[in-house]
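So the sequence lines, in the order shown, correspond to chains Y and H.
Count the first sequence with the UniProt record's numbering and you get residues 1 to 309, in order.
Count the second sequence with the UniProt record's numbering and you get residues 1 to 309, in order.
There's no promise every hint is true.
The list treats identical chains as one, so a pair stands whether inside a single copy or across any two.
[Stated by the list, open to error] Calculated cross-link-like contacts (lysine to any residue; reagent style SDA-like; alpha-carbon spacing at most 20 angstroms):
1) LYS297 - TYR110
2) LYS90 - ILE302
3) LYS125 - TYR110
4) LYS276 - SER106
5) LYS297 - GLY210
6) LYS186 - SER201
7) LYS297 - GLU104
8) LYS213 - GLU104
9) LYS128 - ARG112
10) LYS90 - ARG112
11) LYS90 - THR306
12) LYS47 - ASN176
13) LYS90 - GLN298
14) LYS308 - SER84
15) LYS297 - ASP107
16) LYS213 - ASP107
17) LYS125 - ARG112
18) LYS154 - ASP256
19) LYS308 - GLU69
20) LYS125 - THR136
Please keep in mind that the hints were generated in silico from the structure rather than gathered at the bench.
Protein chains: 2
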Amino acid sequence: MEKVLIFGHKNPDTDTITSAIVYAHLKNEIGVTAEPVRLGEINGETKYALDYFNVEAPRLIETAANEVEKVILVDHNERQQSVSDIEDVKVVEVIDHHRIANFETSDPLYFRAEPVGCTATILKKIYKEQGVEIPTNIAGLMLSAIISDSLLFKSPTCTEEDIQAARELAEIAGINTDEYGLAMLKAGADLSGKTVDQLISIDSKVFEMGDHKVEIAQVNAIDPNDILSLKSDIEAVLDVAIVEKELSLFVLVVTDILNSDSTIIVRGSHAGIVEKAYDLKLEDNAALLRGVVSRKKQIVPILTETFKG
Amino acid sequence: MEKVLIFGHKNPDTDTITSAIVYAHLKNEIGVTAEPVRLGEINGETKYALDYFNVEAPRLIETAANEVEKVILVDHNERQQSVSDIEDVKVVEVIDHHRIANFETSDPLYFRAEPVGCTATILKKIYKEQGVEIPTNIAGLMLSAIISDSLLFKSPTCTEEDIQAARELAEIAGINTDEYGLAMLKAGADLSGKTVDQLISIDSKVFEMGDHKVEIAQVNAIDPNDILSLKSDIEAVLDVAIVEKELSLFVLVVTDILNSDSTIIVRGSHAGIVEKAYDLKLEDNAALLRGVVSRKKQIVPILTETFKG
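Okay, chain Y solo, but in the shape it has when bound (with noise of 0.2 angstroms):
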């Protein structure tokens, strides 16, 4: 049978990279010839899960289209989050729990998005339904993702679905999962040795809004302080990139996650519109946004909806 990719989006998370490879084994299992892929570098959080449960990471592509005529996304579907020629591979599966946005089929699809905390929480629920035994390790990745989008369960994107799922997984993979997880969240909090330039891209997403292009990186700290340190090196990377990639926008969220709140570094022509969304005013182009913690439900929508005006 003609095989099939499937990947996450660019600049991978745990999620991303976790979701590829339990879908293919999924697929696989069910005898449909599917090999996971990444779009990205591996980040130290992912490294880590992949590392804890040896289990092998996906090859990197650059296109898709000299392999194979069709691909299945996981964990993204906005065109500009994908593979850079998705114009020219057909898309048969989407699994997702983002907003949906710049996405566009010819034909009829499976298309599932759903909205709860992490793509694995779906997945989770997939192999139940095909009836496929989850194996111990395709658990731990699972939890792995779950943990990782939830910031062990703080995040308001965290949905009753995600924590049973979660509890289900831990039993199947035999995990302690709050120390586990806490030890996943440190290793990709591990910034040392990275430049600014690998800080930004660990985990960045271009966003259309409006007639507006907005990029938003995140970045976990256990402390902030090790990248608002950086704050005037990291204006000029933002700025270099507001002017490749013809940005409105470009936010920088510096997430603690022990106390679940955000600095955030504006740059562009736009700054204002994040003045105007959260009724703040920016202090050398910084703002302390409390208790916001999820780019998807904290940020996303509100930008998107300010720009519509």
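We have chain Y; now place chain H onto it with these hints.
Frame of chain Y; chain H shown alone:
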């Protein structure tokens, strides 16, 4: 609890009307206050099904935002096929079996599209997943939708899942599918007393293909000549619509439901796209497409691709 409105597309067909009724029933059973509504007149086929199973037609609405904040879309997702003020309400769910296009949200939502022949087939699964029992008349409506969308299982859109669902629903409803189905399709194909305007709007949808707006109307007939004999009147009506709605192309698909062929009447500045797509010469603005009965599977994708160039 705040009420949510559930509706299908404009120019409603049997799947769109019954899916709104059926999904509202399911939602109410699980404690969500939902009302099915419709965006246009009930056609003869749908009326037959509603009368047969003794279910009232949903209420007609022109706009939604004056009544509710949240809506659920069934059997469509493209904005131009939806309620006129779709931008002013929040789409919290979509259950559909069409291509995805011109659809965008600010927030994550429950979006479930599957490449099956009928929305009812997906809804039947959701009843099972949610553990809700399907009442006799609701089963009858879902069965009617599958018969309608699949032209009694003869359309290429019809999948094994649709056939299996129909079998189980016929059992619950206590219906002889072939007998009931043919009577229902015939009720829909009874076009007597209809003006040309009415004929064309029975089941018409507008699609965006690249930068072009394309309208494709479909009429099922037992004897296509009943319709084709009105060709010059039809062309005049299509030409008016093309000007009014700024269409690049209008295709009327007259489907012979007994022989599973369609005759198309084509108007608009981009009629050449149809010739290119099917490698044919239109004669007097018309052509016979052998074996073509599905707008979704055999017309929209090929025109979309041909418009792309």
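A quick look at each hint next to the structure:
{"no.": "1", "hint": "LYS297 - TYR110", "in the structure": "between (24 angstroms within a copy, 15 angstroms between copies)"}
{"no.": "2", "hint": "LYS90 - ILE302", "in the structure": "between (32 angstroms within a copy, 14 angstroms between copies)"}
{"no.": "3", "hint": "LYS125 - TYR110", "in the structure": "both (15 angstroms within a copy, 14 angstroms between copies)"}
{"no.": "4", "hint": "LYS276 - SER106", "in the structure": "between (38 angstroms within a copy, 17 angstroms between copies)"}
{"no.": "5", "hint": "LYS297 - GLY210", "in the structure": "within (18 angstroms within a copy, 31 angstroms between copies)"}
{"no.": "6", "hint": "LYS186 - SER201", "in the structure": "within (18 angstroms within a copy, 60 angstroms between copies)"}
{"no.": "7", "hint": "LYS297 - GLU104", "in the structure": "between (23 angstroms within a copy, 15 angstroms between copies)"}
{"no.": "8", "hint": "LYS213 - GLU104", "in the structure": "both (18 angstroms within a copy, 15 angstroms between copies)"}
{"no.": "9", "hint": "LYS128 - ARG112", "in the structure": "both (15 angstroms within a copy, 17 angstroms between copies)"}
{"no.": "10", "hint": "LYS90 - ARG112", "in the structure": "both (16 angstroms within a copy, 18 angstroms between copies)"}
{"no.": "11", "hint": "LYS90 - THR306", "in the structure": "between (33 angstroms within a copy, 16 angstroms between copies)"}
{"no.": "12", "hint": "LYS47 - ASN176", "in the structure": "within (19 angstroms within a copy, 58 angstroms between copies)"}
{"no.": "13", "hint": "LYS90 - GLN298", "in the structure": "between (32 angstroms within a copy, 17 angstroms between copies)"}
{"no.": "14", "hint": "LYS308 - SER84", "in the structure": "between (27 angstroms within a copy, 18 angstroms between copies)"}
{"no.": "15", "hint": "LYS297 - ASP107", "in the structure": "between (30 angstroms within a copy, 7 angstroms between copies)"}
{"no.": "16", "hint": "LYS213 - ASP107", "in the structure": "between (27 angstroms within a copy, 17 angstroms between copies)"}
{"no.": "17", "hint": "LYS125 - ARG112", "in the structure": "both (11 angstroms within a copy, 14 angstroms between copies)"}
{"no.": "18", "hint": "LYS154 - ASP256", "in the structure": "within (12 angstroms within a copy, 59 angstroms between copies)"}
{"no.": "19", "hint": "LYS308 - GLU69", "in the structure": "between (36 angstroms within a copy, 18 angstroms between copies)"}
{"no.": "20", "hint": "LYS125 - THR136", "in the structure": "within (16 angstroms within a copy, 29 angstroms between copies)"}
Hint compliance for this structure: no hint is broken.
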